[in-house]
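Just need the whole structure built from these sequences, with the hints factored in.
As given, the protein sequences belong to chains F, E, Y and D, one line each in that order.
The opening position of the first sequence corresponds to residue 80 in the numbering used here, with each subsequent residue numbered one higher.
The opening position of the second sequence corresponds to residue 80 in the numbering used here, with each subsequent residue numbered one higher.
The opening position of the third sequence corresponds to residue 80 in the numbering used here, with each subsequent residue numbered one higher.
The opening position of the fourth sequence corresponds to residue 80 in the numbering used here, with each subsequent residue numbered one higher.
Think of the hints as simulated: they come from the structure by calculation, not from any bench.
As the structure is a computational prediction, the values presented were derived from the model and not from experiment.
Treat the hints with care, as some may be off.
Identical chains share a label here; the pair holds if one copy fits it or two copies do between them.
[As the list claims (entries may be wrong)] Below 27 Å or equal to it, Euclidean Cα-Cα: the simulated DSSO-like pairs (lysine-lysine) are:
1. K82 <-> K126
2. K288 <-> K495
3. K271 <-> K288
4. K411 <-> K288
5. K491 <-> K288
6. K491 <-> K269
7. K485 <-> K495
8. K499 <-> K271
9. K120 <-> K269
This is what each chain is made of:
There are 4 protein chains.
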Amino acid sequence: MAKISMLGTGLIGSFYTQTLHGLRSRDRVVNVYSRSAERAKTFASEKGIPRWSSDLRDAIQNSESEIVIVGLPNDLHLEAVRLAAEAGKAVLCTKPLGRTAAEAREMLQAVEKTGVFAGYLEDLVYTPKTLKALASTRNGAMGRILWTRSRETHPGPHSAWFWDAARSGGGAIIDMGCHCIEIGRSFIGKDKRPLRAFCWGATQVHPIKAEDHAIGLIEYEGGAISQFEVSWTFRGGMDLRDEVSGTEGTIRLDHFLRTGFEMFTAAGEGGYVAEKAEGNIGWLFPVGDEAHELGYIHMFQDMLDAWEARREPMETFYDGYVVNAIIDACYKSMKSGRWEPVEIAAGVAAGGGKQAPATRPKGPEKASGRPQETRSGADQDPGRGKSGKGGFLVIKTERLPDGRIKSILKDKATGKVVEKID
Amino acid sequence: MAKISMLGTGLIGSFYTQTLHGLRSRDRVVNVYSRSAERAKTFASEKGIPRWSSDLRDAIQNSESEIVIVGLPNDLHLEAVRLAAEAGKAVLCTKPLGRTAAEAREMLQAVEKTGVFAGYLEDLVYTPKTLKALASTRNGAMGRILWTRSRETHPGPHSAWFWDAARSGGGAIIDMGCHCIEIGRSFIGKDKRPLRAFCWGATQVHPIKAEDHAIGLIEYEGGAISQFEVSWTFRGGMDLRDEVSGTEGTIRLDHFLRTGFEMFTAAGEGGYVAEKAEGNIGWLFPVGDEAHELGYIHMFQDMLDAWEARREPMETFYDGYVVNAIIDACYKSMKSGRWEPVEIAAGVAAGGGKQAPATRPKGPEKASGRPQETRSGADQDPGRGKSGKGGFLVIKTERLPDGRIKSILKDKATGKVVEKID
Amino acid sequence: MAKISMLGTGLIGSFYTQTLHGLRSRDRVVNVYSRSAERAKTFASEKGIPRWSSDLRDAIQNSESEIVIVGLPNDLHLEAVRLAAEAGKAVLCTKPLGRTAAEAREMLQAVEKTGVFAGYLEDLVYTPKTLKALASTRNGAMGRILWTRSRETHPGPHSAWFWDAARSGGGAIIDMGCHCIEIGRSFIGKDKRPLRAFCWGATQVHPIKAEDHAIGLIEYEGGAISQFEVSWTFRGGMDLRDEVSGTEGTIRLDHFLRTGFEMFTAAGEGGYVAEKAEGNIGWLFPVGDEAHELGYIHMFQDMLDAWEARREPMETFYDGYVVNAIIDACYKSMKSGRWEPVEIAAGVAAGGGKQAPATRPKGPEKASGRPQETRSGADQDPGRGKSGKGGFLVIKTERLPDGRIKSILKDKATGKVVEKID
Amino acid sequence: MAKISMLGTGLIGSFYTQTLHGLRSRDRVVNVYSRSAERAKTFASEKGIPRWSSDLRDAIQNSESEIVIVGLPNDLHLEAVRLAAEAGKAVLCTKPLGRTAAEAREMLQAVEKTGVFAGYLEDLVYTPKTLKALASTRNGAMGRILWTRSRETHPGPHSAWFWDAARSGGGAIIDMGCHCIEIGRSFIGKDKRPLRAFCWGATQVHPIKAEDHAIGLIEYEGGAISQFEVSWTFRGGMDLRDEVSGTEGTIRLDHFLRTGFEMFTAAGEGGYVAEKAEGNIGWLFPVGDEAHELGYIHMFQDMLDAWEARREPMETFYDGYVVNAIIDACYKSMKSGRWEPVEIAAGVAAGGGKQAPATRPKGPEKASGRPQETRSGADQDPGRGKSGKGGFLVIKTERLPDGRIKSILKDKATGKVVEKID
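Here is the structure:
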């Protein structure tokens, strides 16, 4: 049994907790942190968690938990990881590891210094399909890998902070490119060094400063090319596909829209269909068990098994660092219009360590997650990019699982992005 | 935590044990029974089970287990259930419950008499896709159900006893029709009484006395029609599909061959692709996590949660009994060529009870399961139905997960079906 | 070049004419008949046809056409065929050939007596996919055929007369079962005699006297089983699928809903998506070239090539007669609840002949065809089966290609079915 | 009726002629040219063409044909077009128009100067799916187009000259990128100017000097991005997919591998499955009517209808020129590693004209086309890139429709690429 502190009560914290408590699990979240005492308390009560806190340092240090899970907005990862490492606790951090490779490197150094167990919560390489496809690839079914394609597109994320490049570190690339890059890298082989990256990105639809659509290419040692496509402008649900091509074969994975589950309904059922599904009538493509299809279950299995067995998990902070280094090169290329080298610091490596003290944290919990789009097939997103009431631009609206409508708004005067729930 | 005795070390026992021990489970198989002491011992050692037995009564009575799982051939279900009920243990029995409704009814009465918790291990209504589709149906997305189709076809089962109608209770209908019937019934609504059944069945390919292909229709109170198609003659892998149609919508489920995972390999990888896959080169349709896709994980979750909560599981012995009653009507119709009424005894109902003594069990464990076909796309199954060496007809050959080749043979003189492993 | 008289200006006449004039064709419709002079005139003008008539006998006799195409309601096929045969003209008749085998036999005898060329316009065995699948089957790719499934379901036909069993000869079976039966028979082999049929049918949804949903089984000489599923109660578009299974392989054909063309649109485009598509927003499955996918193009190619070459077409009046004989057995079985023998008269065979006089025709043209459902994914068909205004029951409403709404109504007093266009 | 001269007797000439003569066409090829008199004669005899020639000038000038179709290798397009324009004949030229934009521009000027009708035979924008998807896009179903993806990959072309960059003008980009680029451009809108291109390309597998794999991005005026993926290294058949994404919707087209036709065969049928299919056992994805699915039928319909109506066809020489200009930018970018501007000469425009004289042509006919890969799923392409006998490297082997095996060989001493048929 693993005793866990969950940092963050947003949708990612919620998904993680549900997964950890789900099925016939022996693990428990014993402590939850949110910047807001009220949210922490409510979350604890709903999920059956005995203890909660609205003080980050306290949540990490003063708990019987052995493992800290960081489910906070990107700008808070470094501080939380540092505190956990200092407290000598195992730490699992959601994706992306940092907003930049420099931040990721600091996190990697923090856990190496104190020797704590650390895992990078990159769920999409852990989907059962991906795990099996990776095994077939390792077994030689593809021959030498020549090309990978990974695509994650949907109508845009749920929480305000995602749309604020200062807090998130960028746009669609930092949000989803991190998945696609690591998927491609996993098929090509982690022993192959990423050499250079090229990236196109643009703000095509939303009134934001970050890219809402990007396409990138990463060239690896040995000649393989890895392609990613990420977008917050896609219509029709969440498109989550991977393809691999090698000298001996090819693989196609579809994780969300064409998985052997198709439904037409003229009546609807008034509820949630699948993450980021658009509409709830007509032809729909529901997902059986989302936590499973998105890799959460097998990810935590590997993480906690590894922690118990004192071995490395499949996804380490080093992997998170490499992904950040590739993303850095992509952002640089987006500006320069040319290939940019992927810079991985010499001497940086995955590692473990022993234990550590702590510092004082603060800052809001991650209010993110994976709710469903409100936009029905029928309505046409009237507000996107247009003037909303009271000096705000509407970036996006969506229906929460509890039926309320959330709006992401941009203050026309200050440019600040906020969210509002009606 | 649930402490379990596993009866049977065949592939179904193996799949069940893997599922129960899998992911981050808190449950454990603490005792295993096989007719063969050697197999019991080996199984216990491989799966980390502390205790084993080759005496059925002993395995049930003299164990710290609280739950007995019956994973034995069909002709041994009744005895095992009776012993478990008498021993006051919760009992979960694999599908079909009985070989006939009469047998199933005896089992139902045995558990009702002693009041033990009882669950019917019908995994395919527990696949995550099916669970979600059932929920949507209950929520009204389909309107009133008019039609269901459930199809399970593959090139034939793995263990000799399946091919012996005296032991199994029939052919493809008893083997797989039980799944399809319960799937259809679940969508139509368990409150709707099955009225009558029509069935076509034939022995089209294999040199056996039971049907290797059948199509059935069940008409329900309210007018819905439920169609099943089962076959041991199908080529191309395991075809596992359900369809539902109602006044407001339609659902299509594909559980195995078109689930968003497609692979072409010219090289192969020398191993197992998916249950009953044919061949390992060319275009293949692997399955990410078979235990998940086949419903094992969610089935045991419901069973063990129900047992802990002292509530009924979704699938009870009563459900198993109704399925057997429908199968009886199908076999009768196959002979009469007309609709036959489904006869459900008055006063029979799902139920629980309290506790009980025990009797002396014996008999072989179930040698069944779900291994992969050996027949590659390339070779043409030369032996099927033709004379094998030494007075045997070859019914079927297949490759076991460990690489050995198993043959199902019929003694031309005695008609007895045996299996041989090379 | 073939000179053709088109009998009927309904949607089937329109589809046929478009196909015959389409692409770079050398054939021409030179004469068109409708009971209504106005419709005949309008049709002729729209399609560039030089001559029209509202007198059936005149349309057949007094024309420079060499070929007469019967695109009239089922109750007028016999008379039209008789007139054409008497006039010594080649005659192509739409499906089903007759309302009963007796009628079909009269038609067969009429063309045999005068020796005119005759073809049965069963388009769905002519889809390019079906033609190729049939070729692969003949080449041995499937081994011996064991099973076929053919399914045609949609929300119901377009013209009033279809819903009137007296005129059409029945319900969904006579409308669509004729396709499914001939598809199955073609895969199993036309040299195999259909022995017996079983059929379930019911009126599940619509306020009509004929079956709106049916499932049938036909057993052939040699043991193959052929299954059909037809429905006017299906939601989600037109489901048109065939499956074949043999000792060496299997085939799956999807003609309409999953053909490699998928579209999500939140905006719609205000128009026609595909025949019997429901709704025009959300996920849609359009069809590239419907005439091609439905077999019209290759059907007329075979018919006209055969006529020029003085050989038999792939589908003859004899085939139409066999299909009618199977349908007769199905209707008998629906009532008797048991297998019924398929009765094919001795001495009946496909054939040709030479020439003939003519008689006086009359009667309305076929107002049928393949328009699109109006029912959007969003609305719930409020009227189906419920009381409409003025003493009428609403059977069905649909949007015509020209945007108008057509209703099929049943007079509550007289039971008569009429159509109304708003 | 159109009277046509076919230049080239390779597989493209053969496919074109079959299409032009197919169905119930009124058009005829009346004259055929091949550099080899024997091939010209054989082709004429097989296809029922009354006249043949092995002299290019003669074939163009001395014929009753009104239209000349250029189905020759890329290096002979310019000369053939010039001769046709001078002879005052309408000219249709296969893709790509030129090897470079400069060549394409000369062709454009040649037809403009003499005013002859000219069409660019870009078949893949004419597939019925693409035509319908383009119509929906024009009707607003996608909103503003943001992204297109077009992919054409297979195991490599069939004729020696394709592998020789001097003759073909490049590798996979010039061969297939021309399709993908024009597909993307058609969805984005031909009124949108292509601004700049980025391209990655490499020689990953084959022992050639040109790219056998490339990925390109084209940015259009208005901000849309168009992505292409082309490869001669792909395994598993011919992958031909397009995707479109706009502010209101998305489209997915699959032209070859997942089109609603799936077949498993353990027996095979000893023949051709589909263009560039790999293997003929196991799961296969046949195509009903390839000429239809690949757009040939609708392409020639548009071309000949346009010619008769004296209007422009959908694809003009100007379109071919723009495509060449984009390809030029891609090749430049492949070397520079940065975005390169797409240079379209001012004053260049689509156009027509009136008539012209002629010059003396010569040169080999195009030996290309679309045969099927020999490589079965089982064998591992032992020769590719390895030393063949007698100082040759084997680039590729394939089975021709007539069963013979063709090898593409590279002379190790001279580097020359030749083909050999066994």
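Going through the hints against the structure:
| no. | hint | result |
| --- | --- | --- |
| 1 | K82 <-> K126 | both (14 Å within a copy, 26 Å between copies) |
| 2 | K288 <-> K495 | within (11 Å within a copy, 53 Å between copies) |
| 3 | K271 <-> K288 | between (34 Å within a copy, 25 Å between copies) |
| 4 | K411 <-> K288 | within (16 Å within a copy, 31 Å between copies) |
| 5 | K491 <-> K288 | within (13 Å within a copy, 55 Å between copies) |
| 6 | K491 <-> K269 | neither (45 Å within a copy, 36 Å between copies) |
| 7 | K485 <-> K495 | within (16 Å within a copy, 53 Å between copies) |
| 8 | K499 <-> K271 | neither (45 Å within a copy, 38 Å between copies) |
| 9 | K120 <-> K269 | neither (42 Å within a copy, 41 Å between copies) |
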